[in-house]
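Spelled out, the chains give:
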Amino acid sequence: MGEPAIAVTGLHKSFGPKEAVAGIDLEIAAGSLAGLVGPNGAGKTTSLSMMTGLLRPDGGRILINGLDMWSDPPAAKAIIGVVPAEARVFERLSGEELLEYAGRLRGMAAAEARSRAKQLLDVLDLTEDSRRLVADYSTGMRKKAMLGCALIHNPSVLFLDEPLEGVDPVSADVIRRLLSRFVGSGSTVLFSSHVMELVEQICDHVSIIDKGRIVATGTTDEVRGGKTLQQAFIDLVGSRANDEEVLSWLGSSSS
Amino acid sequence: MARLLVQLKLRLLRNALLASTGARVAFVLSTTLAALVAGGVFYLLSILRGDGIAAADLTTVIFTIFGLAWLILPVIVFGLDSTLDPATLALYPLRTRQLAVGLLAASATGAWPAATLLGLLGVTIGLAHGALGVLIALLAVVLQVLFCITLARFVTTGMAGVLRSRRGKDLAALLIIPLFAVYEGFIQIVPKLAGEGALTAVSFGGVDHWLRWTPPGLAVHAIWDASSGHPGTALLRLALLAGIIFVLGLLWILSLRRALVTTDTSTQSAVRGSALPFARYGLRGTVAARFWLYQRREPYSLIYWGITAVIMAVVAIRAVLTPDWFGGLLASGVAGGAFVGAFHSNAIGWSGPGFGLEATSLNGRRALRAYFSGQNIALGAIAVPLVTAVCFGLAAVAKHPMDGFAAMAVGLAAIGAGLALANLFSVASAYPMEKRGGTPIPRAASGHNGAAAGSQLLTLLGVGVAVTPVILAVVLTRSDPAAIWLPVLVLGGAAYGLALAWAGVRGAANLAEQKLPELAQIAIKSAL
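Residue numbers (the numbering used here), protein chains in the order written: chain F, -17 to 237; chain B, 24 to 551.
Hint data in this document are derived by calculation from the structure and do not stem from the laboratory.
Keep in mind that a hint or two might mislead.
What the hints assert, rightly or not - Simulated restraints, written as ranges between beta carbons of each label pair:
{"#": "1", "chain 1": "B", "residue 1": "R303", "chain 2": "F", "residue 2": "Q212", "range": "45 to 55 Å"}
{"#": "2", "chain 1": "F", "residue 1": "E94", "chain 2": "B", "residue 2": "E541", "range": "25 to 35 Å"}
{"#": "3", "chain 1": "F", "residue 1": "A93", "chain 2": "B", "residue 2": "L91", "range": "32 to 42 Å"}
No experiment lies behind these values; they were computed from the predicted model shown.
The beta-carbon is built from N, C-alpha and C at its ideal position, and this holds for glycine as well.
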């Protein structure tokens, strides 16, 4: 096995007394489509923010294709693409302007950035809306526009935080196929999601994070261990169902 | 239903008090202002006793101002009062009539409806004479308040779909510029004219010819008629006013019925041209393009430019009409640059989560210099012509048009200083912004008001200090021939401003390079 595309060791981050990420070790092989799953507040977004150079870690090391994200941020950032969870980017630009802006920020020539922006908008089914302001886009359309921004410079590693949240099934299928094609060429994707079915369906590698720690990692088959990923996930992080007694009145059979 | 919605309104008001220190302060200030307006208007109306028809004219103007305020302000604070938006209640099984009565009752609850009622009751002491006059005055004031509330409800309900849309919110926000101009004009000019005796009740004579048939005019003239022995005409006027309110109420109910079953509107307009302008000029040009588009498309940016122009005019308008006109002109130039800086002293916080995209792409000090200089190019492209135009406009008003050049020289230096300080504070004391319900302009997020006030104040002061050499040069060389000193001063002011802006870009880039992840986190926290 060659050098991992993403290698994280001993990653730590605390916000005051709360330890959001409590020592993560993670390795994702090049060409993987990896999922990072966990309950709300488990540390997914914090971890991805540190891996993408947007949040300074308290400790630990992050290598992207062998480049240290925190020793040489410019070099590491140049080879990654990021779709943050927050679906709000420059809302007063049109979709086309936004993608071109992302390309130009990455140092692409204006004509090249414009040409790729048009192609990406076409693939993401946003051509008709390319001249509308992002402010007028739906959540799903924003996610697609941001995916376009993340892909425009053809990164080696793509980080996506909840990329399919609010995206309709047809667009989700387009994105899934786009990601599959992307990793098929040897690039790597790490994305966080709550949707176990989706992760199970498209990821070849899964890591489960809970309370700031990786509680399971490996190939999707290894992690689910013969069960569904949903069941394996609940077995690992624990079910939090405690509503049977309290909501006894709920339902048509009750008065 | 009326009781429930009144309770809802009271609960919303109480929650505003419990929300945060900022919200509490805003609530207390708003309530205090309402009490002052009530007291001030009551006093003003009550002293208009014995001024004859001139008193009726001025009273009509005051009643009309209240009508206009109730027409415009609810549009601006649409998101502030949840009971104004029928969509918030559309999910519940309510009949339109129930809802209409409830919403009217909710509208009548709060400090400002009370201030309107109490303030206007000043007519019972001022314009009204005799028992019948006072009785008609009481009825007229109640009808006037009812008219204001129904008008506000009709307008906000009719526009609810538009006001929820992006473009509607933009347009509502832009109303702040003329309101700010009127407010500043009022506090600057009215006291001066009143002090000089140029503004009395008689000054409003004639206004009444066209205002007397408006609803506020009908209310006032009913009081005048009743007080001058024409009770029949007074009652007819009140009946006409009641009829107008009834029709307005019916229109409102029809509009409410429609609003409850109409889907939200969103703006579907497209932008002109597909390419990012200036993008061929490297990273600097690309960033300049983004900031340039934002200055045109973002209503807050337009508001800030409008307010800058108004402040420049206000700073100088009193002085330019006196022998101290030259000082007024220079002060206007300084104010222009200072406010350009102050309004942009948190550019990264204003960029919001989009800065995350920029932060993952801006690699190194060189790129950051291009980022800040691109931003300054876009802002300078608006600030320079704006400040220059206002300086020359004021110089023309002062009847010394050539001295516009002196003000321009100071203005150019001030713009450079303002942009430099804006760059530095954007990095050194960045803070997240927050769009709150009802306020068209985002404010510093809770807990960051001190940073916001500090960086803006220091920018204003810093520009004042930085332009002192240029002001001294202007004053000391004033006796030289204009053909020599004016071009030298303008070029010198521009060069000095450019040098300051250049230094600001370098300083900000050096600082930002060390704390780019922290800046990204601050920007991502902005809820715009």
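Hint check results:
1. Hint check: B:R303 to F:Q212, Cβ distance near 51 Å, so the stated range 45 to 55 Å holds.
2. Between F:E94 and B:E541 the beta carbons are some 32 Å apart, a value that agrees with the proposed interval 25 to 35 Å.
3. Range check, F:A93 to B:L91: Cβ separation about 53 Å, and the 32 to 42 Å hint is violated.
The structure fails hint 3 only (numbered hints given earlier).
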